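Below, each chain spelled out in residue letters.
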Amino acid sequence: AQSVAQPEDQVNVAEGNPLTVKCTYSVSGNPYLFWYVQYPNRGLQFLLKYITGDNLVKGSYGFEAEFNKSQTSFHLKKPSALVSDSALYFCAVRATDSWGKLQFGAGTQVVVTP
Amino acid sequence: EPEVTQTPSHQVTQMGQEVILRCVPISNHLYFYWYRQILGQKVEFLVSFYNNEISEKSEIFDDQFSVERPDGSNFTLKIRSTKLEDSAMYFCASRLAGNEQFFGPGTRLTVL
Chain A
1143 AQSVAQPEDQ
1153 VNVAEGNPLT
1163 VKCTYSVSGN
1173 PYLFWYVQYP
1183 NRGLQFLLKY
1193 ITGDNLVKGS
1203 YGFEAEFNKS
1213 QTSFHLKKPS
1223 ALVSDSALYF
1233 CAVRATDSWG
1243 KLQFGAGTQV
1253 VVTP
Chain B
8 EPEVTQTPSH
18 QVTQMGQEVI
28 LRCVPISNHL
38 YFYWYRQILG
48 QKVEFLVSFY
58 NNEISEKSEI
68 FDDQFSVERP
78 DGSNFTLKIR
88 STKLEDSAMY
98 FCASRLAGNE
108 QFFGPGTRLT
118 VL
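If you read the protein sequences in the order shown, they are chains A and B. Going by this note's numbering, the residue at position 81 of the first sequence is 1223; the numbering climbs one at a time, nothing skipped. Going by this note's numbering, the residue at position 29 of the second sequence is 36; the numbering climbs one at a time, nothing skipped.
Chain A with its partners taken away, still in its complex shape (with noise of 0.2 Å):
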């Protein structure tokens, strides 16, 4: 059985800085792992994926994550937070030999304070 992980709750950081949110998996065979965003009262919106090849991947708005086989890991990470990026971000797992069926993570609240 495949499973996620995000370990907090709530992420806060000051405009400026650097964001990480954490991710795990747990997963039989090669993982695809995603992120998503869900801004209030919309729904979840795509940043990145993580499918095979170069382990730090590049998604929109400036996100990326690394992914790390040996620690099962896939943070999020962004160099400069905007007050824009407050949302909610799920991490989410599939397995290779799904239908495409994601599992998610339980979501990490992302405050950025000006």
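Incorrect hints may have been included.
Unchecked claim - Calculated cross-link-like contacts (lysine-lysine; reagent style DSSO-like; alpha-carbon spacing at most 30 Å):
id, chain 1, residue 1, chain 2, residue 2
1, A, Lys1191, A, Lys1219
2, A, Lys1164, B, Lys90
3, B, Lys49, A, Lys1211
4, A, Lys1200, B, Lys49
5, A, Lys1219, B, Lys90
6, A, Lys1211, A, Lys1164
7, A, Lys1219, B, Lys85
8, B, Lys90, A, Lys1191
9, A, Lys1211, A, Lys1191
To be verified - Okay, the calculated beta carbon distance ranges per label pair:
id, chain 1, residue 1, chain 2, residue 2, range
10, A, Gly1195, B, Pro9, 22 to 28 Å
11, B, Glu63, A, Asn1210, 27 to 33 Å
12, B, Leu119, A, Gln1213, 45 to 51 Å
13, B, Ala104, A, Glu1157, 36 to 42 Å
14, B, Pro77, A, Asn1172, 33 to 39 Å
15, A, Glu1206, B, Thr83, 24 to 30 Å
16, B, Gln18, A, Ser1202, 39 to 45 Å
17, A, Leu1224, B, Arg29, 31 to 37 Å
18, B, Ser34, A, Ser1226, 40 to 46 Å
19, A, Tyr1203, B, Gly23, 41 to 47 Å
20, B, Leu119, A, Gly1195, 31 to 37 Å
To be clear, the hints were calculated from the coordinates, so they are not data collected in a lab. Please read all numbers here as calculations on a predicted model, not as lab measurements. Even glycine gets a Cβ: it sits at the ideal position worked out from N, Cα and C.
Following the hints, position chain B against chain A.
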């Protein structure tokens, strides 16, 4: 930019009533999904749909649930006899052959 749309944005119903939640996936996408998010909980997979049939479903997706793609553009989720615990935000998603799914804005279902 094409997007997934869902209607209604909010549905209120009485326990035991049938509801149909509607989604219009991105037009050239081939795989369709429903997820739900009970308030304060994780986003949970319900069902995936490909080539006009269910390809995968979760244990949540029991006989009270059904999905349909009636006309090549809409993708619907029907709950035959709603229960209080069906109250949640329901998200539709679609994808092409690539791996990322694109989500709609959701329908908030409230069962009274």
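Right, here's what the structure says about each hint:
no. : hint                             : in the structure
1   : A/Lys1191 - A/Lys1219            : holds, 13 Å
2   : A/Lys1164 - B/Lys90              : violated, 35 Å
3   : B/Lys49 - A/Lys1211              : holds, 24 Å
4   : A/Lys1200 - B/Lys49              : holds, 25 Å
5   : A/Lys1219 - B/Lys90              : violated, 40 Å
6   : A/Lys1211 - A/Lys1164            : holds, 14 Å
7   : A/Lys1219 - B/Lys85              : violated, 39 Å
8   : B/Lys90 - A/Lys1191              : violated, 36 Å
9   : A/Lys1211 - A/Lys1191            : holds, 15 Å
10  : A/Gly1195 - B/Pro9: 22 to 28 Å   : holds, 27 Å
11  : B/Glu63 - A/Asn1210: 27 to 33 Å  : holds, 28 Å
12  : B/Leu119 - A/Gln1213: 45 to 51 Å : holds, 46 Å
13  : B/Ala104 - A/Glu1157: 36 to 42 Å : holds, 39 Å
14  : B/Pro77 - A/Asn1172: 33 to 39 Å  : holds, 36 Å
15  : A/Glu1206 - B/Thr83: 24 to 30 Å  : violated, 37 Å
16  : B/Gln18 - A/Ser1202: 39 to 45 Å  : violated, 31 Å
17  : A/Leu1224 - B/Arg29: 31 to 37 Å  : holds, 35 Å
18  : B/Ser34 - A/Ser1226: 40 to 46 Å  : violated, 30 Å
19  : A/Tyr1203 - B/Gly23: 41 to 47 Å  : holds, 44 Å
20  : B/Leu119 - A/Gly1195: 31 to 37 Å : violated, 50 Å
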